[in-house]
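Here is what each chain is made of, one letter per residue.
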Amino acid sequence: MATSPLLQVENLEVQFKTQDGVVKAVNDVSFHVDRGETLGIVGESGSGKSVTAMSLMRLIPNPPGQITGGKVMFDGENLLDYSDDEMRHVRGNRIAMIFQDPMTSLNPVLTIGRQITESLELHLKLTQKEARNRAVELLNMVGIPSADRRLDDYPHQFSGGMRQRVMIAMGLSCNPELLIADEPTTALDVTIQAQILELIQRLQHELGTAVIIITHDLGVVAGMADRVQVMYAGRIVEEGPTNEIFAQPRMPYTIGLLRSIPRLDEEQGRKLNPIRGLPPDLINLPQICPFSPRCDYFVAGKCDATVPPLRQVGVDHRAACLFDISIDTPIPGAEVPV
Amino acid sequence: MATQTLTVEQASEQRSEGQWQIVVRRFLHHRMAMLSLLVLVLFFFSSLLAPWIAPFPRDEPDVRAQFLAPMTENPQTGNLHLLGTDNIGRDLFTRVLYSARISLILALAVATLSSLIGIVLGLLAGYFLGWIDIAVTRFLEFVSTFPLLTILLILNSVLLQNPDLIPIPPWFIGIIQGATGVPDSESKKLALVGLALAVLSWTGTARLMRGMVLSVRELAYIESSRALGASSLRIIARHVLPNALPPLIVDYTLAINGVLVLEAVLSFLGYGVQDPTPTWGNILAIAESNMLNHPWMPLVPGIPLVIAALAVNFVGGGIRDAPDPRMVMGGKGARQ
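Chains as they are written, first to last, in the numbering used here: chain A, -13 to 324; chain B, 960 to 1295.
No lab work stands behind these hints, which were simulated from the structure alone.
Derived coverage of chain A by chain B (criterion: at least 3 residues anywhere in the stretch with Cβ under 8 Å from a Cβ of chain B; other residues may be distant):
hint : region
1    : 37 to 51
2    : 68 to 77
3    : 89 to 95
4    : 105 to 111
If you want a taste of the chain B side facing chain A, the calculated C-beta under 10 Å gives, among others:
hint : residue
5    : Leu1178
6    : Glu1182
7    : Ser1183
8    : Ser1184
9    : Gly1188
10   : Arg1193
11   : Arg1197
12   : His1198
Here are the computed lysine to any residue pairs in the SDA-like style, where the Cα-Cα straight-line distance is at most 25 Å:
hint : chain 1 : residue 1 : chain 2 : residue 2
13   : A       : Lys115    : A       : Arg135
14   : A       : Lys115    : A       : Arg136
15   : A       : Lys3      : B       : Gly1170
16   : A       : Lys3      : B       : Asp1092
Computed from a predicted model, the values in this text were never measured in an experiment. We put the beta carbon where it would ideally sit given N, CA and C, even for glycine.
Can you make the complete structure from the sequences, with help from the hints?
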């Protein structure tokens, strides 16, 4: 296997010009995805995870958005240097994307068949008949019964879970090397969620596709991802292997996230600790640790002096915190629970 | 009654109707719309046959038979005038018969042309935004401030007096001539009035289209198809246009209606299609000036005009109702 990663993002910067000022949605984000690997990106709303994904596909609406810096190296070539025409051949063909809301991601006036065959005709130059056969194959693959007949149905005749399956079939239709799933299960109920995730995983193993899964649901990431990166205020604040992140989170934000969800393996009677405060305003980001105003471990004079860089805290594990804090570090000033 | 049970196989054998079939079926079961469509078709085809079925030549005056009331005979020749004669003794039945084709074609052509201009400009503005949007919107505001009457007045005084000055290509005149069946010199003037109306009346449609496109372009499936690598042209043609179009179809039928009535209003003021080309509008205008002495006269072109306008409206209503699942419609089709 090639040693260079499939996708290498370097110092990505994305900004949106609004009436109130320039929103710095993604700041100095670098990461990589290897072939066949699953990367989870977690973070709360507005942390820049979706914008990061959209900018990989160059789908940021411009204006108001603009990629102001960095590189997106895909298979050794910088996608940001591509012309619009070249980029269209990458989209759907080599990098595909699944969106959050399957209820609105399909065109209501076209049959499912027409929509699946669209990218086949675009990229693989199949004839209508070949494309239709391939579409039947794809629907079978994502587990839609009597696929041949369902091709002539309209989106409203499908349930939410079925539509997300169709979206996955559309995403995988050209055997992309990278699949970006932007909150693929957020709009679905829990049982369907599990089925969809299982489906993505199965297809990933069968097809060897690399997957970036974007979510705010830590449970999804825990079950799916090989590696996780946590985003906050447009920055990556912690990254590492999934097991490491869950067992030994080293960034207070990640620790806060984990403390705020219930776990099966914890002692009874533990209270859930929400993270206090609100995410920072991305228009006026001071050069301090973005999480410091909400941090339990805040140290005056240190945390509000610089933006902490990502530093190595374990094997393949990096966190953007100046201090060695772990989930066992007592919160200063808080009463030690009896 | 015996309960019918279907096995799974049987049930899956029954192809469910496609969206389009449902809409067509519902439209065909819309009684008022179908009746109205029938009326319009009848008007149009009887008018097509006018050269053969009309009792008199279209423009033949007879000064000895002015203002004959309906169903009276010409005292000189003994000919029966079904709907009477006008101020210079032309047979009104003949003229109303000929004018149905001209009025309907004019309304259809003007509405089609102005809707096309409006849809294309609205689509471009709403989809591409940026400077295209600014240019289209400003142009639209500029055009909508044009006073229609003044422009028609100028056209009337300058061009209609010298039809040879009219800068309209011969093929276009040919189309007009073929569609309306009027002589060459008249079709030039007709084309001019039609073009003036179309060029000045697309602004509402463009605004509506732009608004629709603005809302449709933000929908998830547009983004999703862009993520699949579709080009702008493809996205516009396959995703934006079909989803933005439904209100425009209703707008179009209302526009046909609007032109029918507008032409009558303009004729009343003397700026519409000019005599001797007969339209319901200008027959009505002639009738209007003689109304005090011959009160039956406005009814002759007025009744078909109102019927046609209503019919177009009902057809538009049918088209609007057919795709709307909340509408309960009469007839068998509604109960399924």
